[in-house]
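Chains as they are written, first to last, in the working numbering: chain B, 19 to 910; chain R, 14 to 116.
Watch out, some of these pointers could steer you wrong.
Under the rule of at most 25 Å between Cα atoms (straight-line distance), these lysine to any residue pairs were calculated in the SDA-like manner [unchecked claim]: (1) B:Lys677 x B:Glu663; (2) B:Lys108 x R:Leu41; (3) B:Lys108 x R:Ser35; (4) B:Lys108 x R:Leu92; (5) B:Lys108 x R:Ala97; (6) B:Lys108 x R:Leu51; (7) B:Lys108 x R:Ala90; (8) B:Lys108 x R:Arg37; (9) B:Lys685 x B:Gln670; (10) B:Lys108 x R:Val89; (11) B:Lys108 x R:Leu47; (12) B:Lys660 x B:Gln649; (13) B:Lys814 x B:Ala849; (14) B:Lys108 x R:Gln34; (15) B:Lys108 x R:Arg99; (16) B:Lys677 x B:Thr667; (17) B:Lys108 x R:Met101.
Hint data in this document are derived by calculation from the structure and do not stem from the laboratory. Fair warning: this is a prediction, and the values are worked out from it, not measured in the lab.
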Amino acid sequence: MATLNVLILVCLGYVVLLFGVAFAADRMAAAGRGAWLRSPLIYTLSLSIYCTAWTFYGAVGNAARSGLEFVTIYLGPTLVMVSWWWGLRKLVRVGRSQRVTSIADLISARYGKSNTLAICVTILAVLGGTPYIALQLQSITLSFSIFAEADPSGLYREGSSVFWVAAGLAVFAILFGTRNLDANERHHGVVTAIALESVVKLFALLAVGVFVVWGVAGGIGPMMDRIDASEIGQWNVDAGRWTTFIFLSAAAFICLPRMFQVMVVENADEGHLRTAAWAFPLYLLLMSLFVVPIAVVGLDLLPEGSNPDLFVLTVPLSQGNDWLAMLSFIGGFSSATSMVIVTAMALSTMVSNHLVMPIWLSTQGGSGSVSGDVRHVVLVARRVSIAVIMGFGFFYYRLSGGGAALASIGLVAFAGISQILPALVGGLFWRGATRTGALVGLTVGFLLWIYTLLLPGMGGAIMPESILQNGPFGLGWVRPQALFGIEGMDPMVHSVMWSLSLNTLAFCTASLLSFPSPLERLQGAQFVNVFDHSVAPRGWSGSVAQSEDLMIMTQRILGAGPAQEFFQAEVEQQGGRTSLPEPTPAFLERLERELSGSVGAATAHAMIGQIVGGSSVSVEDLLAVADESAQMLEYSSQLEVKSAELSRTARQLREANTKLTQISAQKDSFLSQVSHELRTPMTSIRAFSEIMRDTEGLSGEEQTRYAAIIHDEALRLTRLLDDLLDLSVLESGQVSLNMGGDTLRSVLDRAVSSALAGTSQSLTVRRSKVSERIPLHTDLDRLGQVFINLISNAQKYCDAPEPELTISAHDVGGQIVIDFADNGSGIPPEAQSMVFEKFARVSGDKAGGAGLGLAICREIMQRLGGEISYLPGQGGAAFRVRLPLAYRQAAQ
Amino acid sequence: MTTGEDRQPSGTRPSLFLERQSYRRRRLTDAARLLPILGAALIAIPLLWPGGSSEKGVPLSSAIFYIFACWAALIVASLIFGFAARRMAASDETDSDTDQWQR
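Excised from the complex, chain B in its bound form (with noise of 0.2 Å):
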């Protein structure tokens, strides 16, 4: 018979083997060998860290009480495990594209990388996972019990025993569990262990169950007959309770976060889930294959009263098996090791990076580069934590007295993790999740949770009797177990059913009325559409001079040599021959996720913030510059449309310089030409009077001619100066109107022949006289003015053989337009624009003029409020005398 102290021996050589295990596994996986570690298979076996002490010896308990229930618990991962591809299939594959570090830092990152979610849904783990571990240690000491009792030392005690179970976990998954730092870098030596555990204690199930069918009852026939004549023998299961933990065993398969932690964290190739998707459900499968047996032959065997959860012990020791007896203690105690050390290390990791980083750095004063060893302060806060999860769980198990089945405690612990589900399964699929819709769902679930739950299952000490028969203060409809009123349920369905309603409901209606910050939307479309794209967000720059203090924070996190690896890593990428790498958005965003493998996505955003700080660009920012660049680009329209207005009158200002400056010849050009003008009569005039005066006997013939050219040139002056003096007055504005009433055509009439009168060239004018039966009031005078300049221009210039004028008048809009075109060779086009200067003479002096004729026409029209234009592309020289009808209309 083992006694206490050979069953001590063999736990503590099983422990030193599973170190021995993991060492090697870590040695090969750094010497780079042993792909085997990676492979689907240590995936599968790894996983099955689902299967507890509870599984171990609480399905047989639980077969025993409520026959084929048990199995609800593996039929609802089965479920999952088949779905993978829709469901764990993206789950992993936002995990490893986010580099998340435990379910609480995948709920952060998907909901803005928020920290307080972070912190509400590990306070929610470490409290779900306290009965589960309370469960471990229940049946680890009741298996210690099992052999005490035919110990004739009599050494055990139980109280002391349950301290001393708990302590010792609590070493073993200090050591095993914290020895490197970074949570996502993969755990190649316990993920070894753990699946070298996985075997055995399949292996130990599967001898009790051979040796039960064959060995006690005598083959597969005869063990059948033996079942169905068993207390349990028929079919009797609560429709309510078998779907619910069917619900219930899937929804805490995905949110357990030790499941979280070998399925998604620990995870090395997307494919494995392809393998594991058929042989986790197998492995599930043969461990619940002989449950039914053991229980019912342990029925049968043992005595009445006797604790249905330690058959599968009992049952061997009763047959005097005492090697499988012991074969079956350490697959038990396979089965809480491996939980307690994979729960161990995903709470702590939670605790350390979403409740004691986020703590330290606000008391560091606000800068992530001062002194002090990020990596010791981790490695305390996860041991701490680990030591602290055990203690919860210690006294779990002293407040609920140790006397509850196995299955209830571990249902217990089901309910209160699921209630991540609708926050987890909301934020992969639904983009419209939000921050807000999660917390206002996890912390209703979580409440109820622990009102209809966790407290009355942990006895009168905590939530006395009355409030369970009378609910709080007296009222009735509160009752944890028949809220509302519904009596009847079963506590268990009851508290499932109300918490899980009431967390997704208040999930989905707190998220349909919420907004979501942009960072929340940049994840959430990450999360959702992870197969169409994994790239995160970008959100940082920095300068140079952070560089420097990145690396000493990089160094304290992840270790002096990493570091430095990664950042000459990181200068090589950049091509710089600089020691220190550019900090630009790409490598903070890589460095964050690296970061974020140690501490934490919140808590890595909140370092880098720290230090890129001032600089950092939010997301917030990005959309304000996304903003801006919208203003930008209507600013720039307008500036654009300014810039054409701008050229628009930088060409009127050319033009009108063009203009000055011709002008300003013109100027200079008239003052030569006046005084040439004034001249050559004065010349004459002197010459001629000189010769009158000097020459003695002048005939009175030649008296008579010169005289007469002096008169003609004084005339000529007098012309001139009459005509500047007219010039002068028009422009000045001081002319007088003398307005009159006539027709256009006696005005015409007058005109042509006084232009034509006493001129030796020929010149036809063609007229339409029925046209021009207009009748005018304006200063009629001042309009034959005009219109005889412009015959007696095109009599002068116009170089055809046969010179003709065509006068033509029309009623155009409101205006009389009456052409003047001949039929010469016109003006050439760089001189029409110059037409109605002063003195300018487009074929030179020949004509004699003065040029200002076509000056004064300008400036008559003007007054009368018309003008007067040239008018190319008629064949010759053209103008187009416009005169406004309103004058007419006045006169009237």
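Once you've looked at the hints, dock chain R against the given chain B.
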């Protein structure tokens, strides 16, 4: 850029008929979606059995047989799908047309 034959450049209408291989893929994804529903339906069937300790009750051995048979069937179906998915993934590496059927 996509090289998949059943992808159309944006703006043109996607073709109505897929290549045989792509069609198979899509049906395979459908199967992956249906499998858990089928599984859930199968394990919900025992809820219809008469319960209690009446004479007509289903013996536990039959219940065990039914449940474990369904369970094994699900495992086999999942195994077959796993191999099919592996083949798909393998042909994808040459095809680089993963997104089409991942959605």
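Numbers of the earlier hints that this structure fails to satisfy, in rising order:
No hint contradicted; all consistent.
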